[in-house]
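Start from the sequences, fold in the hints, and give me the full structure.
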Amino acid sequence: MLIKYYPYYLSLILTKIIYTSIHIYILEMTDMEMADFSKYGFHRIIKYKGIFNFDGLYKFMINWIKDHDFDFYETKIWDYPPYRIHKMMGRKKVNYFAMFLLLPELWIWEQKDVEIVKNGKVKKLTEARMKIIINGGFIMDYDGDFEKSPGLKKLEKFLFQKIMYHDVFLKYFDYFDYYLYDFMTDVKKYLEMETATNAY
Amino acid sequence: MTEIYSTVIAESLNYEGYFTVRELFRIIDKYYRMKQFDKKIAMDEEFQTSTGKYFHLKTEYYKKVDSYIRLQTRLWIYVNDYKLIEVESEGKKIKTAHGKLNITFDAFLQTEYFGLFPDSKPFYFLWKVLYEKLFARARISHWDHVSKHVINELKNEISGYLNINKFMYNT
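Protein sequence lines correspond, in order, to chains A and B. First residue of the first sequence: 1342, per the numbering used here; consecutive thereafter. First residue of the second sequence: 42, per the numbering used here; consecutive thereafter.
None of the hints are false.
A few chain B residues that face chain A, going by a derived Cβ cut-off under 8 Å, partial list only:
hint	residue
1	Arg63
2	Lys71
3	Glu87
4	Gln89
Lysine-lysine pairs mimicking DSSO-like chemistry, simulated, CA-CA at most 30 Å apart:
hint	chain 1	residue 1	chain 2	residue 2
5	A	Lys1428	B	Lys99
6	B	Lys71	B	Lys136
7	B	Lys136	A	Lys1529
8	A	Lys1388	A	Lys1529
9	A	Lys1433	B	Lys81
10	A	Lys1400	A	Lys1459
Treat the hints as calculated values from the structure; they're not laboratory data. All of these numbers come straight from a predicted model, not from anything done at the bench. Glycine included, C-beta positions come from ideal geometry on N, C-alpha and C.
Shown next as structure tokens:
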């Protein structure tokens, strides 16, 4: 029985040895000097066309960001007549070295004001085509404490690539990924979209 | 380099009748959560048109079963002419919707997803071919079947909700 599966077990052991050594080598060679993991971040798109309350949506997004203890910044508003872009940023310090970044963008085309009678009341709403891009990521060492000397940089590399490697990717990345699904679902709920459900 | 095997290619499910997108989406989401897959919504579109609402969803659910194999499923959901209506059933009014649904299912098996054996090195290439075709063939074949089974089960789950398997077991 053992002889029959011998090549399989041997291959498994060999693969494990090669795999581990190469993995460690790649981790050492990868440039993580800035310790910026935002490229592994969150990126989702919602597209919507119809009638909605734009001012309400904008306020809702700001309130959501503020209510979840993010510092809110309105980074850019581009108003080029066929379309308009609103860029926002939310920053939240999780602890002394990790920071969450939430970067939603609102793109609007063909915006028109419309009046609608709902429950006997006249409401001013907006009819438009809209794209909401939800970007997110996290930054390590936001204060730049490890940037002061080459020795500290090496220490930072060792800390984030060896000791806290799985912490960073599992504890922060996975947590933030599902955290932002809540944001996405809440925005969809505000727009009364049919797909505003989340089982996770 | 990462190798991708297609296990299910563009299987589709078409339906026209009563259903709600909210419940359908929840069923899919819950099913994958039960199977411990991770979720990724690539795109979520909802347009109001003159004939009703139009939806287009691109979702990907994936699961890393071990450090070498990753299961990935892709669903493209299209809904056309979707209208909310009220239907009377057994003297009760039920809020539901009517529309045309089309779901395209794809499933992939991704091996060596870390990308630690680049094809540019002949030894790595040879080792990977030997490993996948010879030593780990049974293991890959097993997960290939699991991948197909997941899609099959999901299709049954959805068709159960849409009530399109009504006459399946009639003799």
